[in-house]
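Could you build the full structure based on these sequences and the hints that come with them?
Protein chains in written order, with this note's numbering: chain L, 10 to 288; chain R, 10 to 288; chain G, 10 to 288.
No wet-lab data here; the hints were simulated from the structure. Bear in mind the structure is a predicted one, so any value in this text is a computation, not a measurement. Be aware that one or more of the hints could be misleading.
In this list, chains with the same sequence are indistinguishable; a pair is considered to hold if it fits within one copy or across any two.
As the list claims (entries may be wrong) - Straight line, CA to CA, 25 Å or less: simulated PhoX-like cross-link-like pairs of lysine-lysine:
1. LYS238 with LYS223
2. LYS280 with LYS49
3. LYS166 with LYS225
4. LYS223 with LYS280
5. LYS223 with LYS166
6. LYS141 with LYS166
7. LYS280 with LYS166
8. LYS273 with LYS45
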Amino acid sequence: MKANLLQLSIANGVANITLNNPPVNVLSGSLILALKQMLKELSDNNDVKVIVFDSANPDFFIAHVDINILEEREIFNQLQATAPEGFNLFQAVGEMLRDQPQVTIVKLKGIARGGGAEFVTAADMSFASLEKGKLAQCEALMGIIPGGGATQYLSEKMTRSRVLEVILGADLFDAATAERYGWINRALPDASLDTFVSQLAHNIAALPEGVLAKTKQVLSPVKNIAGFKAENDAWESLVFNPAVTEIMMHALQHGAQTVTGELKLEELLRKKEVGSKII
Amino acid sequence: MKANLLQLSIANGVANITLNNPPVNVLSGSLILALKQMLKELSDNNDVKVIVFDSANPDFFIAHVDINILEEREIFNQLQATAPEGFNLFQAVGEMLRDQPQVTIVKLKGIARGGGAEFVTAADMSFASLEKGKLAQCEALMGIIPGGGATQYLSEKMTRSRVLEVILGADLFDAATAERYGWINRALPDASLDTFVSQLAHNIAALPEGVLAKTKQVLSPVKNIAGFKAENDAWESLVFNPAVTEIMMHALQHGAQTVTGELKLEELLRKKEVGSKII
Amino acid sequence: MKANLLQLSIANGVANITLNNPPVNVLSGSLILALKQMLKELSDNNDVKVIVFDSANPDFFIAHVDINILEEREIFNQLQATAPEGFNLFQAVGEMLRDQPQVTIVKLKGIARGGGAEFVTAADMSFASLEKGKLAQCEALMGIIPGGGATQYLSEKMTRSRVLEVILGADLFDAATAERYGWINRALPDASLDTFVSQLAHNIAALPEGVLAKTKQVLSPVKNIAGFKAENDAWESLVFNPAVTEIMMHALQHGAQTVTGELKLEELLRKKEVGSKII
Numbered sequence: 010m011k012a013n014l015l016q017l018s019i020a021n022g023v024a025n026i027t028l029n030n031p032p033v034n035v036l037s038g039s040l041i042l043a044l045k046q047m048l049k050e051l052s053d054n055n056d057v058k059v060i061v062f063d064s065a066n067p068d069f070f071i072a073h074v075d076i077n078i079l080e081e082r083e084i085f086n087q088l089q090a091t092a093p094e095g096f097n098l099f100q101a102v103g104e105m106l107r108d109q110p111q112v113t114i115v116k117l118k119g120i121a122r123g124g125g126a127e128f129v130t131a132a133d134m135s136f137a138s139l140e141k142g143k144l145a146q147c148e149a150l151m152g153i154i155p156g157g158g159a160t161q162y163l164s165e166k167m168t169r170s171r172v173l174e175v176i177l178g179a180d181l182f183d184a185a186t187a188e189r190y191g192w193i194n195r196a197l198p199d200a201s202l203d204t205f206v207s208q209l210a211h212n213i214a215a216l217p218e219g220v221l222a223k224t225k226q227v228l229s230p231v232k233n234i235a236g237f238k239a240e241n242d243a244w245e246s247l248v249f250n251p252a253v254t255e256i257m258m259h260a261l262q263h264g265a266q267t268v269t270g271e272l273k274l275e276e277l278l279r280k281k282e283v284g285s286k287i288i
Numbered sequence: 010m011k012a013n014l015l016q017l018s019i020a021n022g023v024a025n026i027t028l029n030n031p032p033v034n035v036l037s038g039s040l041i042l043a044l045k046q047m048l049k050e051l052s053d054n055n056d057v058k059v060i061v062f063d064s065a066n067p068d069f070f071i072a073h074v075d076i077n078i079l080e081e082r083e084i085f086n087q088l089q090a091t092a093p094e095g096f097n098l099f100q101a102v103g104e105m106l107r108d109q110p111q112v113t114i115v116k117l118k119g120i121a122r123g124g125g126a127e128f129v130t131a132a133d134m135s136f137a138s139l140e141k142g143k144l145a146q147c148e149a150l151m152g153i154i155p156g157g158g159a160t161q162y163l164s165e166k167m168t169r170s171r172v173l174e175v176i177l178g179a180d181l182f183d184a185a186t187a188e189r190y191g192w193i194n195r196a197l198p199d200a201s202l203d204t205f206v207s208q209l210a211h212n213i214a215a216l217p218e219g220v221l222a223k224t225k226q227v228l229s230p231v232k233n234i235a236g237f238k239a240e241n242d243a244w245e246s247l248v249f250n251p252a253v254t255e256i257m258m259h260a261l262q263h264g265a266q267t268v269t270g271e272l273k274l275e276e277l278l279r280k281k282e283v284g285s286k287i288i
Numbered sequence: 010m011k012a013n014l015l016q017l018s019i020a021n022g023v024a025n026i027t028l029n030n031p032p033v034n035v036l037s038g039s040l041i042l043a044l045k046q047m048l049k050e051l052s053d054n055n056d057v058k059v060i061v062f063d064s065a066n067p068d069f070f071i072a073h074v075d076i077n078i079l080e081e082r083e084i085f086n087q088l089q090a091t092a093p094e095g096f097n098l099f100q101a102v103g104e105m106l107r108d109q110p111q112v113t114i115v116k117l118k119g120i121a122r123g124g125g126a127e128f129v130t131a132a133d134m135s136f137a138s139l140e141k142g143k144l145a146q147c148e149a150l151m152g153i154i155p156g157g158g159a160t161q162y163l164s165e166k167m168t169r170s171r172v173l174e175v176i177l178g179a180d181l182f183d184a185a186t187a188e189r190y191g192w193i194n195r196a197l198p199d200a201s202l203d204t205f206v207s208q209l210a211h212n213i214a215a216l217p218e219g220v221l222a223k224t225k226q227v228l229s230p231v232k233n234i235a236g237f238k239a240e241n242d243a244w245e246s247l248v249f250n251p252a253v254t255e256i257m258m259h260a261l262q263h264g265a266q267t268v269t270g271e272l273k274l275e276e277l278l279r280k281k282e283v284g285s286k287i288i
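What follows is the structure, encoded as structure tokens:
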């Protein structure tokens, strides 16, 4: 495992976890495993009250799940085997963020697509840069549906009409629209985002003993296991189609998982002209 | 039945259905029947992936249910008899839009009131002209409550406080407010609405095989039969009041179901001064 | 009991109740009792269709529950004893607003915190001055969680992510943000708020017989008794902590329940510098 996929700093009850998996922060098996281990350790640290996630990459929060994740077969199997009953390993990432005793906050400055968008949606709170934060469930363009909880988490946050638009339209949403749809807590001007999130995190960390735990307990989300299973079954029914492999391979050959390709991933997946060259 | 109540065109997997029931597109028994037949045929057409509804009338999408619908008794009885178990014939229109294998999208450029607003709300997605799209549940002004699913569909989309405002306030909502309330997906500048909806529809129609069906399956709305029944019972308890007939007749005599009257329907139903004449 | 805690006027089917408990409209036992008696009387008055609540104080709608409420022990016990099964006396205030046969509307011009914010959230509808309306669940800063229904009422209105932000961030929300979160129906320019609410209230009061009752019946909110109990249990587990008493006493000694202190209550509760003096 790469040693520095995650950078952790802790101050005044607030842990900051910076995701750092160049070049575009794909959600690889190694990254999921590192997150899982770090969150497990933090869950035993009573001094930490809030966990803020951000990215070392100004353009990407999490690109999406690593298209090559099956190459990390050992880690993949380990994650699958340790996922909670009723959830697949991707859904288990979102559940982990919600079950954490701390408050989990995403500070979104770049793009989060697919499993990265699900990470944002699952967190307890999320705040995005008005100028730079972007979200997409791009799975439909790959021939699958989201399989990491998006159908369930998005349905908690926005109308079914908007969930259908997000998943089937599969376009990149700017932060202002994401806020209007309820996808994130708020979009804030980039210049004030750091201060806002830091102030909020430290205010929460400074709350009198017991308030945070009791609030998370009373507001613990209903786990609609049947919904997660339906999502997983539908995802599994599509993901092994040869057409899906073909789309993924084509995408990898034409820039997916590189900075240039990921900045225009929708166009690339739709096999459109990008710049002057037909891909 | 009028032959051209509906205009159908199909291209690249997208069917466009234009409603055309002059002068104000009332939702008559004939129109419901024509829609039902056309949607039935389309449901067997695997090449069609998306259905976009618009109106031939620039001022009205659907005025509301035809006040004279009972005069089409044969059609009315036929629709009632073929409504799915637990739904009345008006609620069955909304359910039809949701149960369609294709994605149903409303492009709203004019006014949609009553059963027309319920049509918009029930569709899988809806996009409105910021300048021209308007929505109202006007039933309260007629002495009834909405009986075509609005109490259920609106409750999925907005807070109970806002549903109460929509139904009891019974005013015409502009598209921007409708978006903020979650009633529609989005309000877009009139100049960009056609392009936006067309692009979205064609993007969805171009998705790899299986994605659309699996997404609609996982996101199929819960059918709260008890809620639809409660709505229908309350509607039925009011609709036969003599006062309701009196309001309807007064409205018809003073301009309802004509362009001029429908542009100011709320004032007309409140029996207020319209222009210089007391109606 | 103070004689004039509530001012009532009735015209054309609309009752206006003005809250008047100087200096900052705390929600005292006496005020709750007076509200309960007045609403009971109004519930038997079939001529009244709508109840609008406003405040005699331009800066405060309801400051919050009176910190000294336990000093009114007799009233407190009476309220507790007469709360509906499964609800504590504070939750019973919100339930009373919802169970009222009339439509209850809050017109929010000043600050509503804690139990005052819960009053706003529980009402059938709420409209706020864009410039002057403010809402906060400030309980977390006092070492408790909201205990008057906020965890349940807010969860009906906004995403869990936003409820967590409201309760744990515990900051004062302006009316525009409250509208975007779904907390209130709408924020309106202060200059048009009175006219808007008055027009809406009178329109509703003028509806044909039966519409209002049937609408409230079909849209009666689900009473999630288990949720209210979980909230109450969590609240009770914290409220008797000595630290909570200490915070409350410190706050009272430094300006809570006075105009000056309440205008900056968050800073006061966080024990920050207010003006030039360390409190």
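For this session: Please work out whether the CA atoms of LYS223 and LYS280 approach to 25 Å or closer within one copy, between two copies, in both situations, or in neither?
Result: between (50 Å within a copy, 23 Å between copies)
Exercise. Is it within, between, both or neither when you check LYS238 against LYS223 at 25 Å Cα-Cα?
Worked result: Between copies only: 13 Å across chains, 29 Å inside a chain, cut-off 25 Å.
Exercise. Is it within a copy, between copies, both, or neither that the alpha carbon of LYS223 lies no farther than 25 Å from that of LYS166?
Worked result: Both ways: LYS223 and LYS166 sit 22 Å apart in one copy and 20 Å across, limit 25 Å.
Exercise. Given a CA cutoff of 25 Å, do LYS273 and LYS45 count as a within-copy pair, a between-copy pair, both, or neither?
Worked result: So LYS273 and LYS45 fail the 25 Å test inside a copy (30 Å) and across (41 Å) alike.
Problem set entry | Copy assignment of LYS166 with LYS225, given that the CA separation must stay at most 25 Å | both (17 Å within a copy, 18 Å between copies)
Problem set entry | Within, between, both or neither: LYS280, LYS166 at alpha-carbon 25 Å | neither (31 Å within a copy, 35 Å between copies)
Problem set entry | 25 Å Cα threshold - placement of LYS49 relative to LYS280 | For LYS280 and LYS49, neither the intra-copy (41 Å) nor the inter-copy (34 Å) Cα distance is at most 25 Å.
Exercise. Between LYS141 and LYS166, at a C-alpha cutoff of 25 Å, which is it: within one copy, between copies, both, or neither?
Worked result: within (21 Å within a copy, 28 Å between copies)
The structure shown violates the earlier hints numbered 2, 7, 8.
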